[in-house]
Each structure stands twice: as structure tokens, then as C-alpha cells.
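Model the placement of chain B on the given structure of chain A, informed by the hints.
Number of protein chains: 2
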Amino acid sequence: MPDKKLHLTAFMRPVSLHTGAWRFPNSHADANFNLTHLKSFIRKLEAAKFDAFFMADHLAVLNMPVEALKRSHTVTSFEPFTLLSALSQVTEKIGLAATASTTYDEPYHIARRFASLDHLSGGRAAWNIVTTGNPESSRNFGRDEHLQHSERYKRAREFYDVVTGLWDSFADDAFIRDKESGIFFDPDRMHVLNHEGEDLKVRGPLNIARPVQGWPVIVQAGQSEPGRQLAAETAEAVFCSPRDLEGAKALYRDIKGRAERAGRKREHLKILPAAFVLVGDSVEEARGKRLELDSLVHYDSAIASLSIALGTDASGFDPDGPLPTDLPETNASHTSRAGVVKLAEDEKLTVRQLAQRLGGYSGLAFVGTPESIAEEMETWLREEGADGFTVVFPFLPQGLDDATQRVVPELQRRGIFREDYTGTTLREHLGLPRPENQFFA
Amino acid sequence: MPDKKLHLTAFMRPVSLHTGAWRFPNSHADANFNLTHLKSFIRKLEAAKFDAFFMADHLAVLNMPVEALKRSHTVTSFEPFTLLSALSQVTEKIGLAATASTTYDEPYHIARRFASLDHLSGGRAAWNIVTTGNPESSRNFGRDEHLQHSERYKRAREFYDVVTGLWDSFADDAFIRDKESGIFFDPDRMHVLNHEGEDLKVRGPLNIARPVQGWPVIVQAGQSEPGRQLAAETAEAVFCSPRDLEGAKALYRDIKGRAERAGRKREHLKILPAAFVLVGDSVEEARGKRLELDSLVHYDSAIASLSIALGTDASGFDPDGPLPTDLPETNASHTSRAGVVKLAEDEKLTVRQLAQRLGGYSGLAFVGTPESIAEEMETWLREEGADGFTVVFPFLPQGLDDATQRVVPELQRRGIFREDYTGTTLREHLGLPRPENQFFA
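Here the protein sequences line up with chains A and B, keeping their order.
Per UniProt numbering, the very first residue in the first sequence carries number 1; after that it's consecutive.
Per UniProt numbering, the very first residue in the second sequence carries number 1; after that it's consecutive.
For reference, chain A alone in the conformation it holds in the complex (with noise of 0.2 angstroms):
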């Protein structure tokens, strides 16, 4: 596999994902509303090559107890459209994804948006689809009920399938614009969806001309069963979340399997797990770092997200002992509270510790040095766990300035990263065909 390349896309929030990385040093705890950081993170990541910039969201401040929401810097930053539209203008490569809701939105407006920021950027629209599973979103949108997670994607699925056919309203070349005759554009280039589906009725024609990329690129997150499904028929690019290298491939295998079943091409649909990066000079220098964020995160928060994994109350433990070896038989998921305990035992952590690394930011996690990293990456990509990475930062800016300066160098000396881009829209950059009009040769 002389040829094969990583992607990368970085999964940003402004202040990073990391809920005590506002408190680290140097980091910009007011880039929530302040563009001048945002601009120069994906400048940067740009310069880094990474295929796009990947902004996470929410459609509500997240329900959590007053005590860990305060400390949160995660409850507020800016929209999606307006942030992404506006970082479109301070670069020229670097893929630009959005997510949105197919619960929370109607169809014509996300198809008009994903349509106009693709024209935009010159083609390097994504489209992150979310079913929003959070309850309390729904109250923001006039509902008491969270619809069902099934109801949910049997809506999504109609949603992608109108939002599709939208953007295929025109035929590439049905903008004629002849002064002479005065026609404007072909008619019979046009087409009306005319859609009539269980869970939506949409008329069409979108107000909008067939985006550059004919589509913007298609993101998913789902690891659930119709999740699965749902990526394997229509995303490009799986964005998830495995333990490991063993549970990565085995998704690999699941979702690529399914994709050729739904009669597509493995090499058409991108599995990009999140990896958290943190680089050190040794890979001790580099865990010590991560305690160091970790241990930002406040107990009185950090404890509630470890009495949840163990599905036991985890306050009265002593904080600076080790995990209690007699813990009470519970409901929580056997597999969860196996893997705190390993967790625990594996790095020898006191249960502040470990309490703060599940309030902190618990996933798949690269941390050592620029070659340990790289090592690391290039093996998933070689074992079939991973087309590349979804790459989240521990703390910013020092946490991207490491893995674009560092990182990156590395994997491009091993030749399985790019050392420029060789197109101009994110399609190109993943390697993706851009999709032929369904309604027009």
C-alpha cells in the first residue's frame, strides 16, 4: 500500500473539546466570540495541509448540574454557517465542514446553505448530518418529546434524499446567460423534486445553482445500528469514536462492508476516527502534560462523570487512593466500567485522576512524541482501522501549533501524508468523485 495517504480533518471547538483546556496556560479562553483565534488556527491548519476544519455544535447549552456548567467553557461559541462562511474568505484550500440537524431544521434551508457556502469557498463545503440526540434541544424547537432514535433516522434518511435532489435543481450548464437572446437560463435544465415522503413534502426547485462540488461532501458520526447504515448508503467520510486499534477495525470492516453491499466503492467513503493528539518531547513529558490538563478539570464535575461510568457514587472514595478493587455490582454497561477500571490500572491513576480524564476528554488518545504519534497513525492506516483521523486538540493554540509543526512533518518524512494540496475542492482532497446530477446527463 505504497499510496496510501492519511486525511485529516481537525474537530474543533474554539477553546478545544478539552473542558479544562480554557484553564491551561497560554490558552485563549475568550475564542468562543473572538474570530482573530479562529482565524489563525485554520490558517494554520491550512498551511499544516489538513483536508478541512471540522466545527462541532449543539443546538442547546447543554444540560449539565449548575456546578460543571459554569466551569464549561463548551456552552457557547459561534454558528456553524455564519463562522464557516466567514473562515471561507482568510483561506483557498482547506475544507470547510458544518453540521446540522435533520431533526431540528427543514430541508430546503440546509440544502440552500450547504449549496451557497460550497459556492462560496470555490467546492469545499462538508455536511456533518446529525439527528440531534439530546433531549434538551427539542425544547428549543417547540417540542416536549425527543423523537424516537429510529424515528429519527428513518428522517434523516429521507432528509439526505431530499436535500440531494435539491441540490440537482440545475443541471451544471443550465446558466446560459446570453445578452443576445436574452435567455437567461434553460428551463428544461431545471428541475422540480416535486418530493412527497412520509416524514416530508418539499416542492423545489432550490433557488440555488448545482454547488461547485455538484454536492458538498457527506459527514457522518453514527456508531449505532442505523447509524452504521445510514453512513454505509450515504456518507463520504465516517467521523467515529473506537477504543482502539482491534474495535477500530472491526468497524472498518462493518461500515465498508456495508457501503459495497449499498453497491458503493469501499475507497468512496473515508472512516476518519477522532484521535486526540498531544505531543511531548518524551512520551512521559507528554503523559505528564495530559495530568496536567486533566487535572484542570474541577473535582466536583470531574467526580459526577465517574460516578456515571461506573454506575456507582463515586464521591466518597478517597480522591488521591487508587480505584476501590470492591466495587457494587450495577446497571452500567459492563464494557464501560471494564474499561475505566483498565483505564485506572494501566496508568496507575488515583481516582481524582481518572474522575478528571473522564471529565476532560476520555477517547482514543495519541499522546508521546511527534514519532511515536506518527508511528501510531501510520500503523492504523496500514491495519485498515483508519483512512486518517478527525483530530482533536487537548489545549489551543500550543496543541495545533504541535501537531501541524510537529506531527505533520513526521508523517509527511514517511510519505503517508500530503506535502501540498493537488486540487482545489475538498472532494479532491479526500480523493472523492464529485457526484453526477441524478436528473440530468
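Errors might be hidden in some of the hints.
Remember, identical chains collapse to one label, so a pair may be satisfied in a single copy or spanning two.
[To be verified] In the DSSO-like style, the derived pairs of lysine-lysine whose C-alpha atoms are separated by at most 30 angstroms in a straight line are:
no., residue 1, residue 2
1, K179, K289
2, K256, K154
3, K289, K39
4, K49, K4
5, K179, K39
6, K93, K44
7, K44, K179
8, K289, K342
9, K348, K179
10, K39, K49
11, K348, K289
12, K39, K93
13, K201, K154
14, K289, K201
15, K93, K4
To be clear, the hints were calculated from the coordinates, so they are not data collected in a lab.
Just chain B now, kept in the frame of chain A:
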């Protein structure tokens, strides 16, 4: 009134609002999806110290006979939020007004996007509240029946309360960001809206800090009875379409009076009639250019406009003769019909020219030299027909260049338009106060 000055906003479609403009010599027929042109336009408007750039919008491909539709450049363009967010990064001072519908969107989304645009632009956002009157939009949003006019305005009023309530979710000083104590924000300075009204149910809080301007500037265009009342209660800038100075003065008095009766200050609501501005070296040359522009409207679509205005089929009239004097009695509005007859007489227009005027742009127009146009604008300002204008350019880029480089200097020479911006936010340009937070002192 020595200090009274005009406010000028530019009412934009990328190729102009005039339906023949894309065929005009040197026009940018591709501007609907060519951001380079729009960036150039807005930079010129900012250099001329315009208050705001105002993007017209629709939520559908407009319902026209196919013969007219295929000749129209108004069918497709960028979506306003994505466009204005992009343009915020190539400008520093000019206001950015987006149209958003209260009938086909959710208040949480609308509040969030305008707040985000306001943060991204440093306090330059304005919301043009529309209730979306065209029935073809309803079919793009799952509805067969269009909401009745009075129902739309009732919902709009409640929608406004929800959006402004969401903007006030956080006190201006809520975000403490004390790295030492770990407190990111003060939960006592966050308000949960818990709105439950007749049409809307929205919990809140909004997941975004209070906008730079407190609230983005509220703009409205309604001239109907409920439209005027909604404007008087809520709008800070009214975009209206009087036919002449007498009509404008009556509308001005009416809306300002209603605002006072609603407990507001007259000067906190700016009346900005739409005005088509076409400049020539002489009045005759300007009128000639207008005839040339109108002549680019195809006769088939033009004659349909005339038939509608007269309430009778005009396709049998001699295109190159005068309007027949023996028009049959019809159900057409007498005002509209009398206006058309008067227009034909005043400007000695043939049937063809009259039809092309109606099919092109037939609203209030200032057609003349920089001096004559400035004189008219000054009269409207002094006689309280307007606090400024929503300028419509006949063709681009030339019409915009003429207005900014020839009319604006003449207005400045007369002391009725700013030489430079004195503030940084749109509220400051318009002389509007920053609203108090309704939930926090």
C-alpha cells in the same frame, strides 16, 4: 434641521433588481455566484460610507410563466447568512442586513445566526423581518396552504419576542473566564426564556453570548395595516415603497406616530424608502439610459406585467403606439391603473416602453444628474418624507459607481451625508441606542 443627515443602505441583488440589467453593457451577468463582484461592490459601498448592505431574498424560485422565468437573473443566488458572513471579512464598518422569514424558520435558529453574524462582524448585523408572502415558498416547506396574512403577522410579533428574548439569554458581563477559580461564567447571569405562546414554544437559553449590538438592528418592509403596526412596535429601520413625496410624508407621519403611541422615540425608527437611482450627465441622458435599460426587458414578459397592472389583456395593443384611451372597465385596483396611465402620459411612453418599465423596475426613481438627485433627496429629508433611502441600483457595476462616486460626494457637499463613519457598529451609524437587556440590569 442643520444636523439632520441621510442614511443610505444599498438594496442588493448581485445583478441588480431590474430584470433587464444582466443584459446591460458591462454588467456582470455571472454575479449571482461570483463572489469577486460582490466583494468589489460592498467595498465600494463602504468607501462611500453607506450605512448598510442589504441583501434581498426569496425562499423559492419565483412563480413566473416560463417565458419570463428563463429570462430572469433573479431566480438564483447566494443565501444571505452565508454571503453576509463572508462579506463581513472583507469589510470593517458597513452594516450587513439579512432577510429572514418568521413563517418558515425557527426562532432559535434565527436568533443564533444573527447573534453569530453580529459577533463575527463586530456589531454590524441587521435582521429584515419578513413574513414571506409568496405562496410558492410554502410548498418548499411542507405546506400546501399558505398561512393567512393576519396569521403571519401574529406569528411574526411573537417570533420577534422570542428572538429578542433569546438574544438576552446572557448578561453582557456573564462571562467571567477566571482561570484561577475555574469559573467560566456566572449562571445567575444566564436567563432561561421558557417561552410558551400561541404559536411558539421555546425554552432557551440561546447558546451564544449577547450580540455586540445587544440586539442586531431590526428592519421591516411591511406597508399593510398589520405591517405598519409591527414596524411601529419593533422596527428600527423601515424599508418602504412610497410612490411619491406626498405618499411618503403620509406614511412617515403614520409610522412615526404609531411608534410614539407604542411608547417609542420617533428618532429610534428610521424611514428609508426604496429609491432607484440612475445618474446621467444631464437629466435627458439619464432618462435615455433608463429607456435603454428598460428596452432589455423582453416584450413577452413585459406585456404580461402591463396586463396585470391594467387588469386587461394588453397583448393586442400596438406596441409602438400610445396606451389606448378606451381601456375597458376591470377589477384592477383603480390606484394602480391610474398610476400606469399617468406614467404613460408623463413620460410619453409607448405601450412597449410602458410594459418594459413595469416589467423592469417601476418603483420610486430618482433619474437625473448628481445635483438633481441630491436635491430631491434633500427635499425628502427636509420635508420628512424620509430619513434616508434604500438605494436600488439600475445596473451593476456602473449604477453603483455612479451613486457612490457622483451622488454621495454631492450629498456630502450639501452637508447631508457623513464624510466618514463615526462609530463601528450599525447601531452607531444609524444613531440607534443599544437595547438594555430585558432580564439583567
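Evaluated hints:
no.	hint	in the structure
1	K179 with K289	between (64 angstroms within a copy, 17 angstroms between copies)
2	K256 with K154	within (21 angstroms within a copy, 51 angstroms between copies)
3	K289 with K39	within (26 angstroms within a copy, 45 angstroms between copies)
4	K49 with K4	within (16 angstroms within a copy, 53 angstroms between copies)
5	K179 with K39	between (40 angstroms within a copy, 23 angstroms between copies)
6	K93 with K44	both (12 angstroms within a copy, 27 angstroms between copies)
7	K44 with K179	between (44 angstroms within a copy, 26 angstroms between copies)
8	K289 with K342	within (21 angstroms within a copy, 80 angstroms between copies)
9	K348 with K179	between (75 angstroms within a copy, 28 angstroms between copies)
10	K39 with K49	both (15 angstroms within a copy, 26 angstroms between copies)
11	K348 with K289	within (16 angstroms within a copy, 82 angstroms between copies)
12	K39 with K93	both (14 angstroms within a copy, 19 angstroms between copies)
13	K201 with K154	both (14 angstroms within a copy, 25 angstroms between copies)
14	K289 with K201	neither (53 angstroms within a copy, 46 angstroms between copies)
15	K93 with K4	within (21 angstroms within a copy, 47 angstroms between copies)
Hint compliance for this structure: hint 14 alone is broken.
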